[in-house]
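Chains A and B supply the protein sequences, listed in that same order.
Going by this note's numbering, the first residue of the first sequence is number 268, and it counts up by one from there.
Going by this note's numbering, the first residue of the second sequence is number 465, and it counts up by one from there.
These are calculated hints, taken from the structure and not from any lab test.
As the structure is a computational prediction, the values presented were derived from the model and not from experiment.
Take the hints with a grain of salt, since some may be wrong.
[Said to hold, decoys possible] Only pairs whose alpha carbons sit at most 30 Å apart, straight line, appear in this in silico DSSO-like list of lysine-lysine:
1) A:K542 <-> A:K696
2) A:K544 <-> A:K555
3) B:K584 <-> A:K784
4) A:K784 <-> B:K604
5) A:K615 <-> B:K604
6) B:K601 <-> B:K632
7) B:K584 <-> B:K604
8) B:K646 <-> A:K544
9) B:K646 <-> B:K540
10) B:K604 <-> A:K542
11) B:K489 <-> A:K542
12) B:K537 <-> A:K555
[Unchecked claim] Chain B residues, not near chain A, derived (Cβ > 10 Å throughout):
13) S487
14) I516
15) G527
16) E536
17) E559
18) K566
19) D572
20) S582
21) G587
22) K646
23) D659
24) V677
25) G680
26) S684
27) T705
[Stated by the list, open to error] Incomplete in silico selection of chain A near chain B, CB under 10 Å:
28) Y391
29) T394
30) Q535
31) I549
32) V550
33) L552
34) R560
35) T561
36) R565
37) K622
38) L626
For each residue, glycine too, the CB sits at the ideal point set by N, CA and C.
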Amino acid sequence: MRYWVKGRFTKGAILGLVIGEAFSVVFILFGSSTYLSFSNRVGLSTGLSEVALTILLALFLVGLIQSGFNGSGLPVSSSDVDYVFTSPVPPREVFAAKLLLNSLTTVLFGFPPIFVLYLRFSAYYHTSWSSAVLAGLATLVFLVIGLLLSADITLSLGHGLGERKKLWRNIFIILVIAVSLLPITLLIPGIPVEVAEVTRVLPNGLAAAVSVGLVSGTPVGLAYLADLLLFAWLGGVLVLGVRMSRGHFYDLLEVPSASGEKFDQPNQVSRLNPKGKSIWSIVRLKEKIMISRTREARAQFISAVFLSAFMIIYALSGSFQSSPTSFLFILFIIGSFGSGTASRWIEKERLWILKSSPLSMRRYVKEVYRARVAPLLLYLSPVTVAVGVPLILGGLSQPSFLLGVILALPGALEIASITMAGGMYFASKYGQSSADDILSSQQQELADIRRFLFQTIINLVMVSPLILLVFVSETLVTILGPGYLPILAVGMVSVSILFTSLSINFLLNKAGDAVSKREDV
Amino acid sequence: MVEISIQNLTKHYATLVALDNISLKIDSGEVFGLLGPNGAGKSTLLKILVGILRPTSGTIRLGEYDIVADPEKAKKLIGYLPENPSLYAGLTTLEFLQFVGKIRGVQDDLLDHEISGSLKSFGLDEKRNSLVGSLSKGMKQKVALIATSLHSPEVLVLDEPLTALDPKTRVSVKDWIGGQTKRGVTTILSTHDLDVAQTHAGRIAIIDHGKIVAVGDVESLRRLANTASDARLEDVFLRLTEEKGEEPARH
Chain A
268 MRYWVKGRFT KGAILGLVIG EAFSVVFILF GSSTYLSFSN RVGLSTGLSE VALTILLALF
328 LVGLIQSGFN GSGLPVSSSD VDYVFTSPVP PREVFAAKLL LNSLTTVLFG FPPIFVLYLR
388 FSAYYHTSWS SAVLAGLATL VFLVIGLLLS ADITLSLGHG LGERKKLWRN IFIILVIAVS
448 LLPITLLIPG IPVEVAEVTR VLPNGLAAAV SVGLVSGTPV GLAYLADLLL FAWLGGVLVL
508 GVRMSRGHFY DLLEVPSASG EKFDQPNQVS RLNPKGKSIW SIVRLKEKIM ISRTREARAQ
568 FISAVFLSAF MIIYALSGSF QSSPTSFLFI LFIIGSFGSG TASRWIEKER LWILKSSPLS
628 MRRYVKEVYR ARVAPLLLYL SPVTVAVGVP LILGGLSQPS FLLGVILALP GALEIASITM
688 AGGMYFASKY GQSSADDILS SQQQELADIR RFLFQTIINL VMVSPLILLV FVSETLVTIL
748 GPGYLPILAV GMVSVSILFT SLSINFLLNK AGDAVSKRED V
Chain B
465 MVEISIQNLT KHYATLVALD NISLKIDSGE VFGLLGPNGA GKSTLLKILV GILRPTSGTI
525 RLGEYDIVAD PEKAKKLIGY LPENPSLYAG LTTLEFLQFV GKIRGVQDDL LDHEISGSLK
585 SFGLDEKRNS LVGSLSKGMK QKVALIATSL HSPEVLVLDE PLTALDPKTR VSVKDWIGGQ
645 TKRGVTTILS THDLDVAQTH AGRIAIIDHG KIVAVGDVES LRRLANTASD ARLEDVFLRL
705 TEEKGEEPAR H
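Build out the structure end to end from the sequences listed, making use of the hints.
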């Protein structure tokens with residue numbers, strides 16, 4: 268335990284974690300305020316909060332169940348395998364130390380953002396800060412239950428569950444999702460309230476009921492029983508894990524690979540038929556095949572769903588109507604999120620294949636950008652139109668507002684494109700370093716946080732002219748008069764498109780040059 | 465065929481001098497061995513030669529092309545096998561070879577033929593639809609070798625091609641190297657396996673602390689090292705590199 272603690276809490280790691288915590292607190296405040304304005308608009312408060320929290324915690328639970336079945340319920344590194352697992356320390360002690368450390372870390376680092384979240388809600392519901400603390404603690408108990416459950420599932424793989432793990436995993440996940448989604452039925456008029464009560468059999472439902480009840484000041488029927496049930500879950504999964512950890516379980520655990528790639532099927536139908544295709548279409552096809560065969564495809568899908576849901580919720584909350592620049596800002600956030608898709612382009616040790624070939628690295632990076640990012644942009648386009656058309660129709664009577672909206676709609680996609688190009692630069696400059704592999708995980712975390720902040724600042728600088736255009740649009744229409752609206756609209760949209768094209772080209776050229784100049788391959 | 469000319473090549477990594485004013489000439493069709501202790505600068509030299517790294521100063525010409533000034537033309541001539549070739553684990557063997565063949569400019573009508581022939585000769589035909597990530601280390605090394613030679617390069621640069629291979633795979637890799645050299649390809653072979661160097665290489669350079677300490681055939685190296693005329697290359701190598709310290713040269 269001391270070995271892991273010492274390794275994890277270096278000075279640099281603590282600094283990095285403080286920055287990370289600060290960032291998550293800002294994000295939580297932003298997200299919770301958006302959520303509250305949305306729930307106000309649709310006229311639901313406490314009920315909706317409990318539904319939302321149950322579903323959110325269910326997603327967390329599903330993720331942990333999946334990782335439990337994948338053998339990652341107890342996170343291990345290759346150094347653990349080499350040095351700890353080969354030591355005479357009994358497996359049960361290793362199990363206990365790992366669990367204790369993971370739970371402590373979760374509680375320690377999870378508490379500030381969770382507390383801030385509930386504090387924001389308690390301010391909204393006019394309840395005391397102590398209720399926010401208690402609500403946060405209930406959620407943290409749930410998080411620890413999730414970690415224990417995940418570890419238990421991994422340990423259970425050795426008891427004959429291994430061979431049937433896919434079936435069991437799917438049954439488990441479907442059950443958890445089904446039970447967790449039941450509160451949504453409360454939105455259907457006339458549905459019996461008892462239906463939603465079913466969700467409280469799972470720890471996520473219990474945690475949501477206790478936390479929301481406490482923070483909203485709503486008297487929760489059988490609150491103490493819910494508390495007891497939550498702690499019963501905690502005790503149950505802990506006892507189960509301790510019992511199962513008596514055996515030698517090391518062979519069940521999975522060490523994450525350096526590249527993060529994992530494939531279900533060793534044999535695949537070849538899809539890269541090069542006949543009649545150009546080199547660059549083969550490069551794009553290769554990239555798409557690689558994405559489709561790794562977990563990245565799932566990550567991309569989740570990104571797309573998350574981004575569009577976020578946009579729709581934000582549109583429904585009415586924030587766009589108050590100011591078109593808020594639309595751009597939200598797209599900057601979305602673009603930054605989407606740039607993660609671009610940032611996941613990692614060649615690392617495989618750069619020898621490309622760098623020893625006659626390919627132009629500038630062009631190569633541009634083709635990877637097309638393959639990785641274009642689908643996400645294409646997906647976002649109809650969502651932007653769906654969000655934007657009602658805004659335009661609503662703004663026909665206000666010419667000054669209308670120009671801002673006309674600029675903001677393509678501007679949203681332009682911002683997303685630029686930030687994603689920034690993501691490619693980020694990946695080229697920092698993500699390809701095989702030298703990173705020799706950094707300790709703490710140094711790596713710190714380096715990642717620094718790079719992320721650096722990248723965010725660069726992205727913000729790159730997209731600020733587009734945001735500025737929307738800012739000045741209202742003043743321009745006011746000065747020149749509504750008659751100039753069509754000319755201004757065409758002119759300013761053209762300028763923004765030209766600026767975007769040049770910026771993307773600049774960033775991708777820099778990205779290509781960064782790959783060419785890499786010395787650590 | 466292509467000759468290689470290296471003139472006053474120097475490479476610095478911050479304060480570390482990885483290569484110190486190296487000059488070499490390798491004739492077209494020659495098999496040239498590169499020996500040296502770990503960290504001597506062999507891999508750095510080869511990476512500069514194939515255009516992965518840039519020299520701090522000096523020039524490398526492959527035939528008429530300078531690798532820094534004309535990288536695209538020079539790289540078309542080269543087939544490179546790194547010390548630990550990392551491949552695209554998410555592609556099948558066939559897809560990987562098709563991709564590499566395509567980016568190295570192999571014509572579509574030749575590519576399938578080349579791949580099928582090579583897979584058969586390495587006994588990998590039944591692995592064509594297996595993901596590269598699922599292959600054994602030896603199989604991956606064979607796939608990397610096929611990728612290295614798909615475009616029939618005029619220069620082969622092989623960095624430790626026999627490292628950590630089982631005896632059976634070593635034999636097939638040695639046979640492959642023999643086949644390539646018979647084809648008249650200019651070959652630079654970096655290896656710790658002195659037998660391989662002695663068997664295949666006409667001339668051998670011994671590199672230590674970023675400098676060439678000796679160049680020549682085995683006989684001339686024996687003379688340089690003042691060893692017996694039947695001394696093993698291993699003894700010659702140890703004699704020529706023993707007087708240097710352990711620390712690399714620094715500015």
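How the hints compare with the structure:
The hinted pair formed by K542 of chain A and K696 of chain A fails the criterion: a straight-line CA distance of about 33 Å is larger than 30 Å. Between K544 of chain A and K555 of chain A the CA atoms are separated by roughly 15 Å; this keeps the pair inside 30 Å, and the hint holds. Straight-line distance between C-alpha atoms of K584 of chain B and K784 of chain A comes to about 38 Å, which puts the hinted pair past the 30 Å bound. Of the pairs offered as hints, the one joining K784 of chain A and K604 of chain B holds, with about 27 Å between alpha carbons and a cut-off of 30 Å not exceeded.
Between the alpha carbons of K615 of chain A and K604 of chain B the distance comes to roughly 17 Å, so the proposed pair stays at or under 30 Å and holds. Between K601 of chain B and K632 of chain B the CA atoms are separated by roughly 12 Å; this keeps the pair inside 30 Å, and the hint holds. Distance check on the hinted pair: K584 of chain B and K604 of chain B sit about 15 Å apart at the alpha-carbon level, within 30 Å; holds. A distance of roughly 34 Å separates the Cα atoms of K646 of chain B and K544 of chain A; the hinted pair therefore is violated under the 30 Å criterion.
Proximity of K646 of chain B to K540 of chain B is assessed by CA-CA distance (about 21 Å); at most 30 Å being required, the pair is judged to hold. For the hint pairing K604 of chain B with K542 of chain A, the CA-to-CA distance comes to about 25 Å; that is within 30 Å, so the pair holds. Of the supplied pair hints, the one linking K489 of chain B and K542 of chain A is violated, its CA atoms being roughly 40 Å apart against a limit of 30 Å. Annotation: proposed proximity of K537 of chain B to K555 of chain A holds, straight-line Cα distance about 28 Å (limit 30 Å).
The claim that S487 of chain B lies off the interface holds: its Cβ sits roughly 23 Å from the closest Cβ of chain A, which is beyond the 10 Å cut-off. Not every Cβ of chain A is farther than 10 Å from the Cβ of I516 of chain B; the closest lies at roughly 5 Å, contradicting the non-interface assignment. Every Cβ of chain A is farther than 10 Å from the Cβ of G527 of chain B; the closest lies at roughly 15 Å, confirming the non-interface assignment. Against chain A, the non-interface label of E536 of chain B is violated: not every CB pair exceeds 10 Å, the least being about 4 Å.
E559 of chain B, annotated as away from the interface, has a beta carbon of chain A within 10 Å; the closest lies near 4 Å. The beta carbon of K566 of chain B sits about 5 Å from the closest Cβ of chain A, which is not more than 10 Å, so the claim that it is off the interface is violated. Distance check for D572 of chain B against chain A: the nearest CB is about 5 Å away, which does not clear 10 Å, and the non-interface claim fails. No beta-carbon of chain A comes within 10 Å of the beta-carbon of S582 of chain B; the shortest separation is about 16 Å.
With a minimum CB-CB distance of about 17 Å to chain A, G587 of chain B clears the 10 Å threshold, and the non-interface call stands. At the 10 Å boundary, the C-beta of K646 of chain B stays outside the reach of chain A, the nearest C-beta of that chain being 24 Å off. Remark: the non-interface label on D659 of chain B is consistent with the geometry, its nearest Cβ contact in chain A lying 27 Å away (cut-off 10 Å). For V677 of chain B, the condition that its CB be more than 10 Å from all CB atoms of chain A holds, with the nearest at approximately 25 Å.
Look at G680 of chain B: its CB is around 29 Å from the nearest CB on chain A, clear of 10 Å, so calling it non-interface holds up. With a cut of 10 Å on Cβ distances, S684 of chain B stays outside the contact zone with chain A, its closest approach being about 32 Å. With a minimum CB-CB distance of about 26 Å to chain A, T705 of chain B clears the 10 Å threshold, and the non-interface call stands. This hint is violated: Y391 of chain A has a C-beta 47 Å from the nearest C-beta of chain B, more than the 10 Å allowed.
The interface hint given for T394 of chain A is broken, as the beta carbon of that residue sits about 51 Å from the closest beta carbon of chain B, more than 10 Å. With its C-beta approaching chain B no nearer than about 5 Å, Q535 of chain A sits inside the 10 Å limit, and its interface hint holds. Interface hint status for I549 of chain A: upheld, as the beta-carbon distance to the closest one in chain B is roughly 5 Å, under 10 Å. With 10 Å as the threshold, the beta carbon of V550 of chain A comes within range of chain B, its nearest partner Cβ sitting at about 7 Å, so the hint holds.
The closest approach between the C-beta of L552 of chain A and any C-beta of chain B is roughly 9 Å, which is under the 10 Å cut-off, so the hint is satisfied. For R560 of chain A, the shortest C-beta to C-beta distance to chain B is roughly 5 Å, which falls under 10 Å, so the interface hint holds. Among the interface hints, the one on T561 of chain A holds; its C-beta lies about 6 Å from the nearest C-beta in chain B, closer than the 10 Å criterion. Of the supplied interface hints, the one on R565 of chain A is violated, with its beta-carbon coming no nearer than about 14 Å to a beta-carbon of chain B, more than 10 Å.
About 5 Å separates the beta-carbon of K622 of chain A from the nearest beta-carbon of chain B, less than 10 Å, and the hint is met. Annotation: interface hint on L626 of chain A holds; nearest CB of chain B at approximately 5 Å, less than 10 Å.
The structure fails to meet hints 1, 3, 8, 11, 14, 16, 17, 18, 19, 28, 29, 36 from the earlier list, while all remaining hints are met.
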